[in-house]
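A.B. asks: Residues in the sequence shown are numbered consecutively from -2, following our numbering.
None of these hints come from the bench; they were simulated from the model. Quantities reported herein were computed from a predicted structural model and do not represent experimental measurements. Accuracy of the hints is not assured; some may be wrong.
To be verified - Listed below are the simulated BS3-like cross-link pairs for lysine-lysine, each with C-alpha atoms no more than 27 Å apart in a straight line: (1) Lys28 / Lys8; (2) Lys28 / Lys38; (3) Lys38 / Lys8.
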Amino acid sequence: MTEAETARLMKVTEAIVRELDRQGVADTLVKLRFDALEMAKVAIRAADGDVVPFRRP
């Protein structure tokens, strides 16, 4: 991963965490072991036009 890709990933992750905090759900998601980094990776792939497959729980 290049420095630019890492910086983009961190920016998206920070934006996700800020938004979850703004909505008041960040603490609850931390307790549920929510991984904002994984969500950021998927968001970047989707923004780049990659198909994101649906994973059943």
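A.B. asks: Each hint needs a verdict: does it hold in this structure or not?
C.D. replies: For each hint, the structure was consulted:
1. Lys28 / Lys8: It holds: about 23 Å lies between the C-alpha atoms, which stays within 27 Å.
2. Lys28 / Lys38: At roughly 21 Å apart (the allowed maximum being 27 Å), lysine 38 and lysine 28 satisfy the hint.
3. Lys38 / Lys8: holds, 11 Å
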